[in-house]
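A.B. asks: Sequence:
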Amino acid sequence: MSGTSLDGLDLAYCLIQEKDNRYTFEIKAVNSISYTNEMQLRLKDAILLPSDTLLKFHNSYGTWLGEQAKKFIETNALDVDYIASHGHTTHHQPENGLTFQIGSGQHLANASGQKVICDFRTNDVALGGQGAPLVPIGDRLFFGAYDFCLNLGGISNVSFEHQGQRIAYDIGLANMILNHITRKSGLEYDKGGKLAKSGKIIPEMLSRLNALEFYRLPFPKSIGYEWFIKEVLPIVEAFPHRMEDLLCTSVHHICDQVAIQVKQNSQKEGSTLLVTGGGALNDYLIETLREKLGNTAELVVPPKQLIEFKEALVFALMGALRAEEKINVLSSVTGAKTDSSSGVVFLPS
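Numbering-wise (the working numbering), the sequence shown opens with residue 4 and increments by one.
Each hint should be verified, as a subset may be incorrect.
Claimed, not checked - For lysine-lysine, the following DSSO-like pairs were computed, each having C-alpha atoms within a straight-line distance of at most 27 Å:
id : residue 1 : residue 2
1  : LYS203    : LYS233
2  : LYS194    : LYS295
3  : LYS118    : LYS73
What the hints contain is simulated information worked out from the structure, not anything from laboratory work.
Given the sequences, and given the hints that come with them, work out the whole structure.
C.D. replies: Below you can see the structure in the form of structure tokens.
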């Protein structure tokens, strides 16, 4: 799994079992590979590449993914059925009928020597869906005991059951804006949210972020890096304030939008909200979100391994479901014409 926060590649070796239509999992081994500054820039700017250069990167990145997977397998002496790969999203424009995750499945399969299942989003977009979010199938099958599942990656998204259907959508910003601000000052991220906590809210910036049109759109809906560049970046760059103040304002904006959605969709007081993704490790963000939610929902922050590797785990599940030709993308989430068993299989040469 490689996400929009651009922090690195997550690998998880997962044992998934199904009995009487109940799914359980064990995460047996994990590794995170931080991106070099060069790789971060290449991935961030991939959206600007001409098509032939982008496709070359698609192939070389696929080879790199395969090499990392092979090392992980050999280091841990793993017995592998397949590699389920999300790739890295460079383009996400469902309104134009396209989404693209680089990391060529054939190159990945050849470099790793393993069967690969990838490209999980394209089929849903072809069926008229958003192609996102995809994690809610895992929320339903693995974490259905919680009223809400909140992921705070580069983007924040939420899923929950409503009238017998799984509903999910992108809420808005999360680590994408925070990491952008810290990286301008040469820091990878704001560890624990300490810098944000020491800052002060910039009222006009907060007001402009909260007024973004996306937040008023009905679901299903999703966003990508294009939206961040076009709609968010001009607001951030309009305020030449201290990094701490920019971070503090951004945290309050993230929490404002999450709290609005949870409050609107909560069926009872004291709902349970499972929080995963890198944002769950930001103590100030979690503290702020608790305050804004009040008695509406109880935040549950799981062990660090699940926080960091939940998305990788769910893509392993999506691969398992695809291998058995079972539904792994829910139209109630994406707005597609129908549920689907999505993903493309590549065999090593």
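A.B. asks: Would the pair LYS194 and LYS295 pass a check requiring their Cα atoms to be no farther apart than 27 Å?
C.D. replies: At roughly 21 Å apart (the allowed maximum being 27 Å), LYS295 and LYS194 satisfy the hint.
A.B. asks: Between LYS203 and LYS233, is the straight-line Cα distance small enough, at 27 Å or below?
C.D. replies: Answer holds: LYS203 to LYS233 is near 25 Å, not above 27 Å.
A.B. asks: Assess, step by step, whether the Cα of LYS118 is no farther than 27 Å from the Cα of LYS73, and give holds or violated.
C.D. replies: holds (12 Å)
Of the numbered hints listed earlier, not one is contradicted by the structure.
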